[in-house]
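Heads up: the sequence lines are chains B and R, in that order.
Residue numbers for the first sequence follow our numbering, beginning at 1 and rising by one.
Residue numbers for the second sequence follow our numbering, beginning at 1 and rising by one.
The set of hints was computed from the structure by calculation and includes no laboratory data.
Hints may contain errors.
As the list claims (entries may be wrong) - Far from chain R by the CB rule (all over 12 Å, computed), these chain B residues:
id, residue
1, Glu-47
2, Arg-60
3, Glu-208
Said to hold, decoys possible - Derived lysine to aspartate or glutamate pairs resembling EDC-like cross-links, with alpha carbons at most 20 Å apart:
id, chain 1, residue 1, chain 2, residue 2
4, R, Lys-160, R, Glu-13
5, R, Lys-248, B, Glu-308
6, R, Lys-160, R, Asp-172
7, B, Lys-248, R, Glu-308
8, R, Lys-245, B, Asp-301
Glycine included, each C-beta is placed from N, C-alpha and C at the ideal position.
There are 2 protein chains.
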Amino acid sequence: MFEAREFVENALEEIMKTVGESRVISACSGGVDSTVATFLVHKAVGEHLIAVFIDDGLRREGEPEFVMRTLKSLGIRARLVDAKEEFFDVFRGKTDAEDKRKAFRDRFYKTFGKVSKEEKIEFVTQGTIKADVLETVQGIKSQHNVLEQIGINPEVYGYKILEPLRELFKPDVRKVARELGLPKEISERMPFPGPALSLRVLGEVTPEKVSIVRKATKIVEEETRELGTFQNLAVLHNDKATGIKNGKRVYGNIVTIRIVESEDAVTAKAAQIPYEILMGIAKRITGEIPSVVRCLYDVTDKPPATIEFE
Amino acid sequence: MFEAREFVENALEEIMKTVGESRVISACSGGVDSTVATFLVHKAVGEHLIAVFIDDGLRREGEPEFVMRTLKSLGIRARLVDAKEEFFDVFRGKTDAEDKRKAFRDRFYKTFGKVSKEEKIEFVTQGTIKADVLETVQGIKSQHNVLEQIGINPEVYGYKILEPLRELFKPDVRKVARELGLPKEISERMPFPGPALSLRVLGEVTPEKVSIVRKATKIVEEETRELGTFQNLAVLHNDKATGIKNGKRVYGNIVTIRIVESEDAVTAKAAQIPYEILMGIAKRITGEIPSVVRCLYDVTDKPPATIEFE
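Required output: the full structure, derived from the provided sequences and hints.
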C-alpha cells in the first residue's frame with residue numbers, strides 16, 4: 001500500500017539534501033506529473049526553483065493562462081516563454097510521426113536549454129514516472145535523457161537531474177498531489193502528452209490544423225467531463241472525406257474522438273460511452289467547426305493501438 | 001402504394017416495344033439496381049441482351065464469381081471482362097477523391113465502350129434509380145450520361161439508353177426484385193458503389209491497399225449480417241497511426257467501420273450497434289490483418305457526412 005505522506009516526507013528530505021543551495025529549473029506543462037514534481041521541489045527549496053512554461057503554440061485553449069495562474073497561486077516563481085513561432089517552424093514539411101516527435105523534442109530542449117543557461121541553474125527537474133521508464137525498456141516510447149538532449153555535457157557543466165516521481169505510477173502521483181493539497185484541477189487532471197496537440201494533428205502540423213483540433217478538443221472535454229474516464233481527446237486526420245454542408249457536396253476534415261479507461265496508461269480500454277453522448281459530440285464538432293464533415297470514434301484497446309495516434 | 005407486379009408488366013411491354021429486334025448491352029455489377037435492370041431487359045428481349053461484368057480489381061472477395069454464377073443461373077447471356085490492370089493503371093498518383101472518381105468513370109466507360117462496339121449493340125441499359133437523379137439535381141453526386149461518356153455521339157451511332165428503374169426508390173427496386181423471383185442474395189443485397197473499393201481506399205488506390213480493405217470489408221460484412229442495417233462497410237485510411245504489435249511500437253494502418261440505417265441513401269443515420277459487436281469487429285480486423293493497428297467507428301449521420309468517404 002502506497003503511503004503518500006511518507007513518500008512526500010522522504011522526497012522533500014532527499015531533494016533538500018541533493019540540491020542544497022543550488023538553483024533548479026523545472027519545465028512545467030500543467031500536467032499532474034510535472035506540476036507535482038515542480039511543487040515538491042518548490043516545497044523543498046523555495047526560491048531556488050524557477051518553473052518555466054514553454055508556450056509552443058500546441059496547448060489546449062486557455063492552457064498557458066491556467067498554468068501560469070496555478071503556479072503563481074501556489075507561490076512558485078514562474079516564467080512564461082513564448083516559443084510558438086520557433087515550434088511551428090520546425091514542423092514545416094514533416095509528416096512522419098517519428099520525425100515530428102523528434103522535431104518537437106529537439107526544439108523543446110533547445111528552448112529549455114537556452115532558458116536554463118539564462119537562469120544559471122545546476123539542476124533540472126522533470127516529472128518522469130514509472131510508466132515512462134517501463135515503456136522505454138519495452139521499446140514503446142523513447143525516453144529522453146535531458147542533459148544529452150540539451151546538448152550539455154554534465155561532466156563540464158555539472159547539471160544534474162531530479163526525477164522525484166520516477167518510482168511512482170499515475171494513481172500514486174495523484175495521491176501525492178492530493179496529499180500536497182494541490183487544487184483538484186491538477187490532482188485529477190487528465191493525462192496530456194508532452195508534444196501536446198502536435199500528436200493530434202496527423203500529417204504536417206500547421207497553426208490552422210492545430211486551431212481545428214484545439215476546438216474539437218474543447219468540445220470533447222466539455223461533453224465528457226462527467227464520465228470519469230482516463231483520457232478524452234480529439235485527433236484531426238490528414239485524410240479528407242466527402243460530406244454535405246448547406247446542401248452542397250464538400251471535401252472536408254475528419255476528426256476522431258478517443259476516450260479510454262485506464263489505470264496507468266500502460267494498457268487501456270476504448271470506453272463504451274453512451275451513443276447519445278458520442279453522437280452529441282459529433283453533432284457539435286461538425287456543427288461548430290465548418291471544415292469538419294465527419295467524426296469517428298476509436299474502438300481499439302491499447303494494445304494493439306496506443307492511446308494517442310502518434 | 002407501389003404495385004411491383006403492375007410495374008413489371010408495364011416495364012416489360014415498354015422495353016419490348018422500344019428495343020424490338022435490336023441488341024442491348026448491360027453492365028451488371030451484381031448490385032440490386034443493375035441486376036434488376038438487367039433481368040427485366042432479359043425477360044423482355046432474351047438473347048438480344050448481353051450482360052457484361054467488368055472485373056476492375058476493386059470488387060469484394062468472391063464477387064466476380066458470384067455475379068457470373070448468378071447471371072448464368074438466371075439464364076442471362078453473360079461475359080466477364082478482366083480489366084484489373086488497366087484500372088489500377090489509371091489510379092497511379094491520384095489522391096484526390098474527385099480525380100479518382102473521374103479516373104474510374106473514364107476508364108469504366110472506355111472499357112464498356114470497347115465491349116459495346118465489339119458486341120455491335122444499339123441499346124445500353126443501366127440501373128439508374130430515383131435517388132441518383134435527385135442527387136444530381138441537388139449537386140451531391142455527378143450523374144453520368146452514358147453516351148457522352150462513352151464518347152459516342154448518339155446522332156451518328158444511334159445508341160439509345162434504357163433506364164427502366166429511373167422512377168423508383170431503392171425499397172421499390174427491392175420489391176420488383178422479389179416480384180421477379182430473383183434470389184434473396186440479390187433482392188436484399190446491400191448497396192455497393194459503382195467505383196467499388198476505390199472509394200474505400202483513401203489516397204492513392206493500389207492493389208495492396210485494395211487487398212487490405214477487401215479483407216476488412218469481409219470481416220465487417222460477416223459480423224454485421226444479422227443486424228438488418230442498410231449498409232455496412234470498411235474504409236482504409238491513407239493516414240497511419242502508432243500501435244503496438246508483438247510488444248513493439250509500430251506505425252500502422254487505420255480502418256474505419258461504417259454502418260448506417262437508411263431507407264433510400266438520400267439521408268442516413270449512423271447505426272447505434274452494440275459495442276460488443278463493434279469491438280469484436282475491431283479485434284478481428286486488427287488481429288487478422290497484420291498492418292492494421294486501429295479501428296474507428298463513424299458516428300456521423302448523412303448529412304453532414306456522406307455514407308461513403310469519397
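Holds or violated: are the alpha carbons of B/Lys-248 and R/Glu-308 at most 20 Å from each other?
Judged against 20 Å, a Cα distance of about 15 Å means the pair holds.
For the pair supplied as a hint, R/Lys-160 and R/Glu-13, is the alpha-carbon distance within the 20 Å limit?
17 Å, holds
Pairwise hint evaluation, B/Glu-308 against R/Lys-248, where the allowed Cα distance is 20 Å at most
Holds, at roughly 15 Å.
Pair hint R/Lys-160 and R/Asp-172, alpha-carbon separation not exceeding 20 Å:
25 Å, violated
May I ask you to check that B/Glu-208 keeps its beta-carbon over 12 Å from the closest beta-carbon of chain R?
B/Glu-208 clear of chain R: closest Cβ-Cβ about 17 Å, beyond 12 Å.
Taking C-beta pairs only, is B/Glu-47 more than 12 Å away from all of chain R?
41 Å, holds
Is B/Arg-60 truly not at the interface, in the sense that its beta carbon sits beyond 12 Å from all beta carbons of chain R?
21 Å, holds
Please verify whether R/Lys-245 and B/Asp-301 have alpha carbons no more than 20 Å apart.
The given pair, whose Cα atoms are some 12 Å apart, holds under the 20 Å limit.
Consistency with the previously given hints fails for number 6 only.
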